[in-house]
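**Q** So you can see what is in the structure, the chains are spelled out below.
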Amino acid sequence: MPGELTHSLWVATLETLYMTSVATVLVVLAGLPLGVLLVLTDRGGLWERPALHRVLGTLVNVGRSVPFIILMVAIVPLTRLLVGTTIGTTAAIVPLVVAAIPFMGRVVEQGLREVDSGLVEAAIAMGSTHRRVIFRVLIPEALPSLVRGTALVVISLLGYSAMAGAVGGGGLGDLAVKYGYMRFRTDVMLGCLAVLLALVQLVQWLGDGVASRFDHTSPHSGRAHD
Amino acid sequence: MIELRGISKVYRQGGREVSALQDVSLRVDPGEVFGVLGQSGAGKSTLIRCVNLLERPTQGRVRVNGKELLSLNPDELRLARQGIGMIFQHFNLFSSQTVAANVAYPLEVAGLPREQIRARVAELLSLVGLSDKADTYPSRLSGGQKQRVGIARALAPRPRILLSDEATSSLDPETTRSVLALLRDLNRQLGLTILLITHQMEVVKAICDSVAVLEQGRLVEQGKVVELLSRPGSHLHGLCYPPFTTGESAVLRGGQRVELSLSGEHSTRPILSTLARRFDVDAHLLEGSLERVGEARVGRLLFELTGAPDAVSQALAFLREQGLTSEEAAHAW
Numbered sequence: 001m002p003g004e005l006t007h008s009l010w011v012a013t014l015e016t017l018y019m020t021s022v023a024t025v026l027v028v029l030a031g032l033p034l035g036v037l038l039v040l041t042d043r044g045g046l047w048e049r050p051a052l053h054r055v056l057g058t059l060v061n062v063g064r065s066v067p068f069i070i071l072m073v074a075i076v077p078l079t080r081l082l083v084g085t086t087i088g089t090t091a092a093i094v095p096l097v098v099a100a101i102p103f104m105g106r107v108v109e110q111g112l113r114e115v116d117s118g119l120v121e122a123a124i125a126m127g128s129t130h131r132r133v134i135f136r137v138l139i140p141e142a143l144p145s146l147v148r149g150t151a152l153v154v155i156s157l158l159g160y161s162a163m164a165g166a167v168g169g170g171g172l173g174d175l176a177v178k179y180g181y182m183r184f185r186t187d188v189m190l191g192c193l194a195v196l197l198a199l200v201q202l203v204q205w206l207g208d209g210v211a212s213r214f215d216h217t218s219p220h221s222g223r224a225h226d
Numbered sequence: 001m002i003e004l005r006g007i008s009k010v011y012r013q014g015g016r017e018v019s020a021l022q023d024v025s026l027r028v029d030p031g032e033v034f035g036v037l038g039q040s041g042a043g044k045s046t047l048i049r050c051v052n053l054l055e056r057p058t059q060g061r062v063r064v065n066g067k068e069l070l071s072l073n074p075d076e077l078r079l080a081r082q083g084i085g086m087i088f089q090h091f092n093l094f095s096s097q098t099v100a101a102n103v104a105y106p107l108e109v110a111g112l113p114r115e116q117i118r119a120r121v122a123e124l125l126s127l128v129g130l131s132d133k134a135d136t137y138p139s140r141l142s143g144g145q146k147q148r149v150g151i152a153r154a155l156a157p158r159p160r161i162l163l164s165d166e167a168t169s170s171l172d173p174e175t176t177r178s179v180l181a182l183l184r185d186l187n188r189q190l191g192l193t194i195l196l197i198t199h200q201m202e203v204v205k206a207i208c209d210s211v212a213v214l215e216q217g218r219l220v221e222q223g224k225v226v227e228l229l230s231r232p233g234s235h236l237h238g239l240c241y242p243p244f245t246t247g248e249s250a251v252l253r254g255g256q257r258v259e260l261s262l263s264g265e266h267s268t269r270p271i272l273s274t275l276a277r278r279f280d281v282d283a284h285l286l287e288g289s290l291e292r293v294g295e296a297r298v299g300r301l302l303f304e305l306t307g308a309p310d311a312v313s314q315a316l317a318f319l320r321e322q323g324l325t326s327e328e329a330a331h332a333w
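Sequences listed follow chains A and B, in order.
Just so you know, the UniProt record's numbering puts 162 at position 162 of the first sequence, and the rest follows in order with no gaps.
Just so you know, the UniProt record's numbering puts 249 at position 249 of the second sequence, and the rest follows in order with no gaps.
Chain A extracted, bound-state conformation (with noise of 0.2 angstroms):
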């Protein structure tokens, strides 16, 4: 591979990690407290409201079945409100966070619905808000469980992100499909999968790592304190 190209690659990968990043942390910040509000409006939740529970798991299911090809030609409008133009990574953004934070809303709710509702119980009879039982218990409790969710997330929007690139966002989709494909340059499209799939392999690492850290629901998980 050329050495141009090999800077090409480079940038495409620099653009990649800066929208899946930056994704990322929106996508916490929405799916967290989404993910918590599905839990706790749901039937025998902490704030029971059947209704709103209704509302959002539909939202979510509405937007967890629309493809995210589809999903991304239709916020286009959004997109342009937000970010003033619809083309370029950082337009990318938009539709990468819109399509995740449903997911990691499942993500988190599913992780809350795993902590034994015992610690809850425990933890109201000890005369706790629901502020306390919601941030001292159940996102403790759930962390590990949080953090493997958190890296499958960060997968897809890895592959969302090239998807994204493709229709002019920019990153490795982008330049497998305008070198690789559109120019038969296998070798460039070998790079970017290469380079894809060590990504993915460097999330799922990191992921399984933190998460056995802050595991200590066996006896011989977790890092021993004593």
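The reader is advised that the hints may include incorrect statements.
Among the chain B residues that face chain A by a calculated CB cut under 10 angstroms, a handful are [claimed, not checked]:
1. ASN73
2. ASP75
3. GLN82
4. MET86
5. ASN92
6. GLU108
7. ALA154
8. ALA156
Simulated restraints on C-beta separations [as the list claims (entries may be wrong)]:
9. ARG27(B) x ARG64(A): 52 to 58 angstroms
10. ARG64(A) x ASN73(B): 37 to 43 angstroms
11. LEU52(A) x VAL220(B): 41 to 47 angstroms
12. GLU17(B) x LEU71(A): 42 to 48 angstroms
13. GLU48(A) x PRO30(B): 34 to 40 angstroms
14. GLY209(A) x GLY238(B): 56 to 62 angstroms
15. GLY209(A) x SER289(B): 58 to 64 angstroms
16. MET201(B) x SER218(A): 32 to 38 angstroms
Because the hints were derived from the structure by calculation, they are not lab data.
Just so we're clear, the structure is a prediction, and the values are computed from it rather than from any experiment.
A virtual CB, placed ideally from N, CA and C, is assigned to each residue, including glycine.
Since the structure of chain A is provided, determine the placement of chain B on it from the hints.
**A** Quick look at chain B alone, frame taken from chain A:
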């Protein structure tokens, strides 16, 4: 200290109404260990959860520490709950937090300064004998150790009442005994009032002063453990002493089968040798038990009396006079 009046709880399950508790009233006096005995499904869990309003009764009144809990607003209720400790069958320790952090939790809820929390946690861990486990995570502890952490956590904010939800049901007999001994000590040393629910008669006999028997959501009996155990015909007596297994065939000598209930002063008197001396009869032991319940001893005895017919009937009359035989127990074969 705890007063439940006319508590009913109805659940709605898929359009059907299921009644978990029906008109339950009970009173736990200060400094008392009160047990609610019942099989699973009898409504014990619901009952104990009504005391700190983890479950809100459909009907009735809940008075704890002089407060009508059902009339409190959410903030007042949270404050009241800090004065009611609770321990659980499955311990319910926070797995993501160390032993010390678990015990510190209710103190944080109470808003104590950091220094005081640290001192109090150390004090509690030494009280339950786990000072060396402060920085360990609960998953590395044995069941008995976990329950001790649960007890330390429940007692951290110095509650005057402890609720125990089958706290020893998932422990082995040895550990059960040591946890019960710890609860007994805490009851005596701190004047802690304990309300416990259990399906184990041993727990009632080991530490309870009073007991209520719950069957299918209704209280069928309530009273002092020793009194109920020494009264044949009480529910508790029936549960504790099922009919003797020694059947008819065991009476081989053509004598008189006699069943005695022993309690109070009777339990310490030399009844059998008195019979032998005064009436010239022999007592052949068939089955029996005598055990300590709190400060008292209760038990029962099945034996066969042989001798001259006159002597035997005089001996029986003597036993009846002493209030020792229950009507249905002594009968001729």
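**Q** Are the hints correct? Go through all of them and say.
**A** Do the hints match the structure? See the list:
Annotation: ASN73(B) was flagged as interfacial toward chain A, and the flag is violated, the nearest CB pair being 13 angstroms apart, outside 10 angstroms. With a least beta-carbon distance of about 9 angstroms to chain A, the hint placing ASP75(B) at the interface is held under the 10 angstroms criterion. Among the interface hints, the one on GLN82(B) holds; its C-beta lies about 4 angstroms from the nearest C-beta in chain A, closer than the 10 angstroms criterion. Checking MET86(B) against chain A: minimum C-beta separation of about 4 angstroms stays under 10 angstroms; hint holds.
For ASN92(B), the shortest C-beta to C-beta distance to chain A is roughly 4 angstroms, which falls under 10 angstroms, so the interface hint holds. Residue-level restraint check for GLU108(B) holds (minimum Cβ-Cβ distance to chain A is 8 angstroms; threshold 10 angstroms). A distance limit of 10 angstroms between C-beta atoms decides the matter here; for ALA154(B) the minimum to chain A is near 8 angstroms, and the interface restraint holds. Taking 10 angstroms as the C-beta cut-off, the interface hint given for ALA156(B) holds, the closest approach to chain A being about 9 angstroms.
A C-beta distance of roughly 55 angstroms is found between ARG27(B) and ARG64(A), which places it inside the suggested range of 52 to 58 angstroms. Between ARG64(A) and ASN73(B) the beta carbons are some 40 angstroms apart, a value that agrees with the proposed interval 37 to 43 angstroms. Checking the proposed 41 to 47 angstroms range against LEU52(A) and VAL220(B) shows it holds: the Cβ atoms sit about 44 angstroms from each other. Here the CB-CB span from GLU17(B) to LEU71(A) is close to 46 angstroms, well matched to the stated 42 to 48 angstroms.
Range check, GLU48(A) to PRO30(B): about 36 angstroms between beta-carbon atoms, so the 34 to 40 angstroms window is met. The hinted range of 56 to 62 angstroms is satisfied by GLY209(A) and GLY238(B), whose Cβ atoms lie roughly 60 angstroms apart. Between GLY209(A) and SER289(B) the beta carbons are some 59 angstroms apart, a value that agrees with the proposed interval 58 to 64 angstroms. Under the hint 32 to 38 angstroms, the C-beta atoms of MET201(B) and SER218(A), about 34 angstroms apart, fit the expected range.
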